[in-house]
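J.: For reference, the chains in residue letters:
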Amino acid sequence: MTRTLNPGRVVAWICLIALMLLTLIPFYWMLRTALSDNTQLAGHPDSLLPVETTLGAFKRVLGLATTEEAMAQGGSGASVNFWLYLRNSLIVSTVITVCQVFFSAMAAYAFARLRWPGRDKVFALFLAALMVPPIFTTLPNFVLIKNLGLLNSFAGIILPSAFMTPFAIFFLRQFFLGISRELEEAAMIDGAGHRRRFFGLIIPMSAAPIATLGVLTYITAWNDYFWPLLVGQQDNVRVLTVALGIFKSQTPQGSPDWAGLMAATLIAALPMILLFLLFAKRITNSIGFSGIK
Amino acid sequence: MTTTTTSAPAATSAPPAPRKRRSYGDLKVAMIFLAPATLGFVMFYIWPTLRGAYLSFTEYSLLSPPQFNGLDNYERMVQDSFFWNALVVTLEYVVINIGLQTILAIGIAMLMYRLTKSITVRAVVLLPYLVANVVVALVWYWMLDFQVGIVNQFLGWIGIDPIAFFGESIWGIPTIAGINVWRHMGYTALLVFAGLQMIPTYVYEAAKVDGAGELRTFWRITLPLLRPVLAMVLVVTMIGSFQIFDTVAVTTQGGPVNSTRVIYYYIYERAFTRFDFGYASAMAMVLFAILAVVALLQMRLLRAKDSDLG
Chain U
1 MTRTLNPGRV VAWICLIALM LLTLIPFYWM LRTALSDNTQ LAGHPDSLLP VETTLGAFKR
61 VLGLATTEEA MAQGGSGASV NFWLYLRNSL IVSTVITVCQ VFFSAMAAYA FARLRWPGRD
121 KVFALFLAAL MVPPIFTTLP NFVLIKNLGL LNSFAGIILP SAFMTPFAIF FLRQFFLGIS
181 RELEEAAMID GAGHRRRFFG LIIPMSAAPI ATLGVLTYIT AWNDYFWPLL VGQQDNVRVL
241 TVALGIFKSQ TPQGSPDWAG LMAATLIAAL PMILLFLLFA KRITNSIGFS GIK
Chain H
1 MTTTTTSAPA ATSAPPAPRK RRSYGDLKVA MIFLAPATLG FVMFYIWPTL RGAYLSFTEY
61 SLLSPPQFNG LDNYERMVQD SFFWNALVVT LEYVVINIGL QTILAIGIAM LMYRLTKSIT
121 VRAVVLLPYL VANVVVALVW YWMLDFQVGI VNQFLGWIGI DPIAFFGESI WGIPTIAGIN
181 VWRHMGYTAL LVFAGLQMIP TYVYEAAKVD GAGELRTFWR ITLPLLRPVL AMVLVVTMIG
241 SFQIFDTVAV TTQGGPVNST RVIYYYIYER AFTRFDFGYA SAMAMVLFAI LAVVALLQMR
301 LLRAKDSDLG
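Protein chains in written order, with the working numbering: chain U, 1 to 293; chain H, 1 to 310.
What the hints contain is simulated information worked out from the structure, not anything from laboratory work.
The model shown is predicted, which means the values in this text are computed figures rather than measured ones.
The reader is advised that the hints may include incorrect statements.
[Claimed, not checked] Derived BS3-like pairs: lysine-lysine, alpha-carbon spacing no greater than 30 Å straight-line: (1) H:K117 - H:K28; (2) U:K146 - U:K248; (3) U:K248 - U:K59; (4) H:K28 - U:K121; (5) U:K281 - H:K28.
In isolation and in its complexed conformation, chain U is listed as follows (with noise of 0.2 Å):
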């Protein structure tokens, strides 16, 4: 093929590849970080390899070390659980995930598949809403969570997104209107009414993109940190976030306890970077359609 010893197409092929690469470096460097021993790792800053390899960090991080080989590693020696709080990011996600999209998918179905008066009027009303900025909502949800008593609890985290988000709505409608109206009237004909045909035409013919959107919603809620932030401080309900930001800040100013840091944010990231691999085709071409997320 002459097409490939083009010399233009060479450093385009370089650029790309450095691009990669810079892509790529960080999380190499993370978990480079996470397998070192902290107490060396000042004295080899440019190691390119873990210094001192050790599993140390994620076993302080999770628990599992005792206060003094902690310390010995250069731990800060303040309890830390990161399994309590992947624990606490695991449910609040799976609730998250399950309640929104099956109440989306709800909702699309009588946005997609039901003709009533005021149908299109209200889903612009709710399209509209994306329009408001998070923080505007936020402060007064805050107080309503308040009032309700809900601070420090799971609801409170899992409510305000269990039960919409406009852009769930509006990327289910869409595929709902592509399914033909004939398999519906088939299944009328048999007599189905319309929770039959919603449970077992209507989400079946759209598995694929309830899965893309599950798969979204899931790392969306995971990444959250604002609202868990303002509303699950508490140890029992801390997510991985907001767990990752206070110890963080409560990491000694003078020796850093980076291996820990970096251990406890490979803890946060690889679940999603997992997720990630086993739906990347599907993600990655959902982005293009999805445009306005």
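Chain U is fixed; fit chain H onto it per the hints.
T.: What follows is chain H alone, placed relative to chain U:
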């Protein structure tokens, strides 16, 4: 919309029903299907929007009920030098962030478009976007550390003095903007990439026949035809950019000397460390207005709605 096109056979339930009932269509069923979403929508979108607007005209510390105080908050804002500083800092952030990110994203998208359709390349490029802001901020906080960060080590190798990326006022915003460029450039590139694929290949063939070179084709054909997509991408990314919070919150917390106290962070401080909810709501209201104006202006200026593809 597509549902209205089919000619309904006699077997469907709606058409044969009496006239009066038909005008309501599936309203009853629709209400059931919409109930949960509507509950959430009213409770966590509509009601807080109205309440937020009201709170911006009150004095409210969470301890006692809000006291209406007219335009006091807004008058205070005009006098508040921290508020103006926050606006300037945010603007600086948005300009650096969006400028760099858009150029890099177009570059990456062009490279992918011309070189490879590989899903692996696209997935790698997208990877940082899937990791939490907080994680990205902390990884770079470590890599950019003054003493032992790898970036300053690298600068040392090529003979540049270490830079206090988070410790010097002048570096604060560019550093935070750069970190978020790293996180978002791949995602933005994929949006642009999708736009590139919508340009029909015959226009490139025509350009080739006319003897247009690579650069000329890019400036005269690709970029103009990409404009509607770019306009949408710019509106979406810029609105997101104005809402920078996470990175600041876990790294500089507004410092050094207010140089990174962006508007979102200032609102957060006012509301949650000083419990000045009325004033914070008023600032959120102003941010809301700014975002609306920015979106409208961009759509206008970039004529987002019409394509040059005749």
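J.: Which of the listed hints are broken here?
T.: Result: hints 1 and 5 break, sorted rising.
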